[in-house]
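**Student:** Listed here are the chains, written in short residue letters.
4 protein chains.
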Amino acid sequence: MLVVMKHNASDEQISGVVRAIKGMGYDARPIPGGQRTAVGLIGNDGGVDAARLEGLEGVLEVIAVTHAYKQVSREWKEEDTVITLPNGTVVGGSDVVIMAGPCAVEGERPIIEVAHQLREMGATVLRGGAFKPRSSPYSFQGLGEEGLRYLARAREETGMMIVTEALDSEGVDLVAEYADIIQIGARNMQNYPLLRRAGRAGKPVLLKRGMAATIEEFLLAAEYVLAEGNHDVILCERGVRSFDRHTRNLLDLAAIPVVHSLSHLPIIADPSHGTGLRSKVIPMARAAVAAGADGLMIEVHQDPPQAMSDGAQSLYPHQFQQMMDQIHVIARAIGRDVVSPLEAVAAD
Amino acid sequence: MLVVMKHNASDEQISGVVRAIKGMGYDARPIPGGQRTAVGLIGNDGGVDAARLEGLEGVLEVIAVTHAYKQVSREWKEEDTVITLPNGTVVGGSDVVIMAGPCAVEGERPIIEVAHQLREMGATVLRGGAFKPRSSPYSFQGLGEEGLRYLARAREETGMMIVTEALDSEGVDLVAEYADIIQIGARNMQNYPLLRRAGRAGKPVLLKRGMAATIEEFLLAAEYVLAEGNHDVILCERGVRSFDRHTRNLLDLAAIPVVHSLSHLPIIADPSHGTGLRSKVIPMARAAVAAGADGLMIEVHQDPPQAMSDGAQSLYPHQFQQMMDQIHVIARAIGRDVVSPLEAVAAD
Amino acid sequence: MLVVMKHNASDEQISGVVRAIKGMGYDARPIPGGQRTAVGLIGNDGGVDAARLEGLEGVLEVIAVTHAYKQVSREWKEEDTVITLPNGTVVGGSDVVIMAGPCAVEGERPIIEVAHQLREMGATVLRGGAFKPRSSPYSFQGLGEEGLRYLARAREETGMMIVTEALDSEGVDLVAEYADIIQIGARNMQNYPLLRRAGRAGKPVLLKRGMAATIEEFLLAAEYVLAEGNHDVILCERGVRSFDRHTRNLLDLAAIPVVHSLSHLPIIADPSHGTGLRSKVIPMARAAVAAGADGLMIEVHQDPPQAMSDGAQSLYPHQFQQMMDQIHVIARAIGRDVVSPLEAVAAD
Amino acid sequence: MLVVMKHNASDEQISGVVRAIKGMGYDARPIPGGQRTAVGLIGNDGGVDAARLEGLEGVLEVIAVTHAYKQVSREWKEEDTVITLPNGTVVGGSDVVIMAGPCAVEGERPIIEVAHQLREMGATVLRGGAFKPRSSPYSFQGLGEEGLRYLARAREETGMMIVTEALDSEGVDLVAEYADIIQIGARNMQNYPLLRRAGRAGKPVLLKRGMAATIEEFLLAAEYVLAEGNHDVILCERGVRSFDRHTRNLLDLAAIPVVHSLSHLPIIADPSHGTGLRSKVIPMARAAVAAGADGLMIEVHQDPPQAMSDGAQSLYPHQFQQMMDQIHVIARAIGRDVVSPLEAVAAD
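Chains as they are written, first to last, in the working numbering: chain S, 13 to 360; chain Y, 13 to 360; chain F, 13 to 360; chain L, 13 to 360.
These aren't lab readings, by the way, just hints derived from the structure by calculation.
Treat identical chains as interchangeable: a pair holds within one or across any two.
Distance condition first, Cα-Cα at most 30 Å in a straight line; then the derived DSS-like pairs of lysine-lysine:
#1 Lys18 x Lys89
#2 Lys18 x Lys34
#3 Lys89 x Lys215
Let the hints inform the model, and build the full structure from the sequences given.
**Tutor:** Below you can see the structure in the form of C-alpha cells.
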C-alpha cells in the first residue's frame, strides 16, 4: 500500500502517516520524489483499511498495491483449479463444458424431454431455475422444491448433472440436497451470508458476476466461499450493466482472460443473459469459447415463445445444435475440445 | 405494452402477435404506421413477460408503456407517504430528517457518546452498523447482537431512534427487535427473500439503492416490501457506480425529484457513501437538501482516523455542526425546515 | 413515435397533443388503453424532435418507434455494403480483413520494415498514426505529413493499403491525399464538421465508436458521412467506457451482431484499444472473429517496450503470427476465411 | 510513477525496469515489500508514457502518482482563477453567475425579447446556439453567422455578455468575433485541434465535460487551452452518461467540489442538459449552487413547446424567476451571492 502525500505536505504530516502505519502493526518507508513524497506500507496489506490512512492530514491518496483477495489468486495457487463432477464432467480442464436448459423448470415432462435432447447434442450439465429472482414481485417465482425434484428425475434419466440457483440460506440446503452445483445469481453476488452458507454446503458453487461488479469484487465474492473451505468455485461472466440497451447486458468477454491471469478458478460465460436476445446468443457463445471460456451456460427451450420466463433469449433446440457444431471447431482452434463424457458412455 | 413490428413484417406475423397477446388473456390492437405496424396490448400489463412477445417472428421490439411497479407509484396513491417514528420524528413530511452516526458500532461508550453529541446538534435518528457487509471476508464484520444492544442503550439515553442494517432473514428478526428502522443495504437491494422478510417485520424499512439499479428497479425492490403489507418504506439514494473514481460512487441527486414524481415514498440521501470522501460530504449534503431530499444519512465519528471502517468518509462532530447550520438555511429556502422534535422536548 | 399520456390526462390534454402533432405536419391517432391513452404519430418521424412533445401538458413520455438514421439502416438497403480497395482487399465480404501496424508512425525504416512483416503474415491494410490525439498536450502528437509520406512509401513497397486518422478538416484533405482509408477516431465520433468533410473526401471512411456512444448514436454518426454521398463506411468497435479498469476499455463484441442486424455497413473490431493489454489482444481478436467481425485492426510493433505510444497494447510480430494462425481456423468455423489477395499475387 | 512488479519477478526483471526508467532520463528506486517489489520513478512524470513500462517483463501494473495536467492544477497555482467580463460579470469570485437563454437562436426578435426578460431577472450572460451539434444530420443545425449577429444585437440592447458554441476551427474565429465567451461542447471535449484554436482566440473559453470524461480527462482537455496561453477557462459540468435513462444525463454534482480541490479554475453547472427534463431543472439548479458551483447555465424559452430544439428541458420565464428567488437564499447560506452588476447599473 502506498500513501501519496500532497506536494506541500509538511514533515510533521509525513511523520504522522508513518506513526499511523506503525500503529497498525506494519512497517513504513517514506519515498521522497520529484514533486511529492509517498510512504510505503511494508507487509501484506490485504486487511488494511485504506480509509484510515486517507483521512490523515496531508494525504493525497492511498493506492492499494496488494489485492484484498488471497485464496482465489493465482499467486496463492499457481495451477488451475479443476473440478470433476460425478458424471465425469470436468470443469476447468482442457474441455469446454456445456451447461444448458430452460430458464425455469416449468414441469416434469418438459424438463426431462429437453434434457434428453440437450444430452444428445453434447451438454453434460442441465440448468433450470426452481427459485427465480424476479425484478417484480408479481412475476412467476419458480416451482420451488417441486422444481428441484423434477431436475433430479431428469438427472436419473439422462446422467446429466444439475445446476440450479439458491436465493437464501434455506434454499442453499435444499438445492445442495438435490443439485450437483449450487448457483449464486448476479443479484446475490455480494450477499455474504448466502456466500458463506454456500461455502459450507459441500457442493461446487457456480458464482455469477454482479451487474456492476468489478473483477476485483467478483474475486472477493468468490473468496467468501473459499474462506469457508470450499475450493470448488466456478465463476460465470454474464454481462454487466451498460449505458446502451441494445442488448440486455454487456457481455464482458475480456473478463475471461483477465480472470485466468489473476485467478486459478475456472470461468464460464452465459451469453443468454449476457445479451438477452436469441439472435445474439450463438455469435457470443462462439466468441466466449474463442476468448478462452471454460464452459458455456445456455438457455434452451422447446418452444421459447411459450416460456414462462426469458423466452426471448432462449434458443430453439435446433439452434443449440448449430451452436454446438460451430463451438467444436472453435475450441479445437485453441487446443481445447467439447467432448461429452456421456457421449463416450453412450458410445459403449 | 406496444409490440413494434419490423417494417417488412407479413400479415401472418402480425396476426401471430395478436393471437399470442389474446392467448395471454389481453386484448390486442394493431396500429398501422407510415413505416411499420405496431400492436398495442390493451390492459394492465404489469405482469406480462415482454420476452414472450419479443421472441415472435417479425417483432422488432417490445416497449413497456405501463410500469411493473404498482403500490409504490404515485398513480396508485397520490399523497405523500408520511412515516411517524415513536420519538416524534416524521419522515416524508415538511421537515428534513437527519440520521447520523458512525459507520459501525465499535463499543458501548463510543456509540452513546456520539449519540449525545449528534442529538444536541439536531439529529433524531442514530445510525450504526452491527452487521457489516464487507467486500473482503477478512475485514471487520461488525459486533452483531452486542452492537444492537449498545444501540438500544444509546436510544434509552438520548431518545434518538435507531436505524441499522440487516443482512439476512435471521438478522431481520434481530434488528426488528432492537431497532426502529430496518436498513436494507445497496448490495441487497435485489435480495428478494430479505425484502419479503423485512416487509413482514412490522418496522419501517430504509431501502438503499443498488450500485447499478435503475430507478425502475429501485421502485420494484420497494414494491416487494409493500407487497407484504408494509407501506412504511424510506428510499435512500447513496450513489451509483461510475466510470470515474474521483468519488467512491456517483451521487445521483436527480433521483430525488424523479422518485418524488413517480412515487409517494419519501427519499433521503447518503452523501457519505455517495462520495466516500469527508471533504465532499458537506457540499453534497447541502445539495441533497436543495434538491428536495426528505432527509440525510451522515456518517460521523469522534475520531475518524481511528474508525474501524469507512473512516475516510466520516465527518468530525464539529464538521457535522457546520453542515447542520448550512442545511437549516437551505431547507428554509425551499419551504422546509430541519427541526428536531427532541430539541423541542429538551427545551421544555 | 408514441406519445404516452399520464393516466389522469384530461381529454383536453390529449387533444392538445393531437393538435401539436398535426401542426408538425403528421397524422395523429389516439390509442385508448386500460390504464392510460397513448397517441401515435403516423409517418416517418426520423426528423421529429421528441422534446417538443415531451413538454406538453399531460404527457408522461415520448417513445421513438422509428430510428433517426436512414441510409445506414438495413431497412433502407438490405444487402451488405461491400467495399473493394485498390489492392483487391474486400471489406464486408466473406473474408475477414486484417489491418495492422504500429500505434504511431515513428520513422520511415520502422514502418516499412513492419509493413513487410505484416504483409507476409497476411495483413493487407497498414495502420499507423501520423496525427495522434493524446489526452495530454505534452505527449507525442505524431509526425504529421512526414508520417503520411512514410506510410505512402510503405504502400509502394508492399502493396498494402493505408488507413490513418484525421483530426480536423485540413487533416482530412491531407490524409485523403496519401491514404486509402480515412480514420475518424473515437474522440471525434460526434465531431460533425469532421464527419461531413470526410464524407466529401472521396475515400472510404473507417469510423470508430465513441467511448460512450450507443449503437444508435454510432449509426447516426455514420449517417453524417453517408448523407454527404459517401457510402463506403467501415464501422469499428473499439471498446466503451466501463466502471472497471482491469482493461482500458470494455470491448462490446455483441455490437457486431447488433450492427449487422440493424445496418448493411461492415464492422470490424480493434482489440488493441479495446483491451489496452497485450496479453488480452489475442483472445479478444479470436473472439471478435468468432462473433462475426468483418475484420480486425491490430497494433503491432517490432519492439513494443520502445514504442512512442501505446506500447503496452502492441503485439510483437511473432504474437501477431500466432494470432493469424488461430484466426484462420475460427473464420472457417463460421464459413468465412482470412485470405490475403496480396499473398495470391505473391504466389504468382 | 510506481512500477509494481509481480510477486515472483526475478532480479533480472527488476533491473530491466530500472534500466528502462533510466533510459527515459529519470531516476529509479526499487522498494522491496512484503509480497513484491515496486520501483519508483523519481522526477516529474507528467510526460511519461506508462505503456512503455507496462509492457516490460515481470511488471504487474504501473501506477501514476503525479497527474498529467499541470497548469490547471491547484498545485501549480493556488489562488482561484477569477475571470472578469467586460460588463462587470465576475466568474470564479464570490458571486454565482447566471448564464441563460434558449437552446438555439431562432430569430432576432425572440432572442432580444428573452434577453430583456432574463437580464431583468438577474442573468448577466446570454446563451444561445448558432451552430448546433445534432445527433442526426437531418435535425435543425442552427442559423450560423446570422444567429451570431442576433446575439450581438441582444448584447447591445441589454448589456448581457454572449456565450455560444463553436464546432470547428473556422467557427472559433467567427464566434470569437461576435461572442464574449467561446463554448466548446461536450461532444468536442477531446477535439484537440479545436481546443488549441480556442486557446489562441483571445476570449474566455467555456469547456463542457464530455459525456464519459473522467475529471482527469476533463482537466487535461482544459490544459490544452491553457497550454496555448489562454488561462481564462470556465469548466462546466453537464451530466455524464449513465445506465439509467430517467434523466437524459446523470448530473455529477460532486465534480464541483472535486474540481475545486484539484484545480484553480471556476466550474459552473448546466442542469438543463444535465437532466433533460424541465421539471427537474430547478431542483438540480438549487443543488448545484448548494454544492458550490460558480455559476449556472440554464435553458429558457418563451414558449418551450414551440422551441426548435431541446424544448422539453427549457424553463418558462416564470419558472426561471422562481429558480432565481430560491438560488439567492441558497447562495447566501454558503457565504456567496447572486448579484447582477447590470442590476446595479440599472439602479443608477
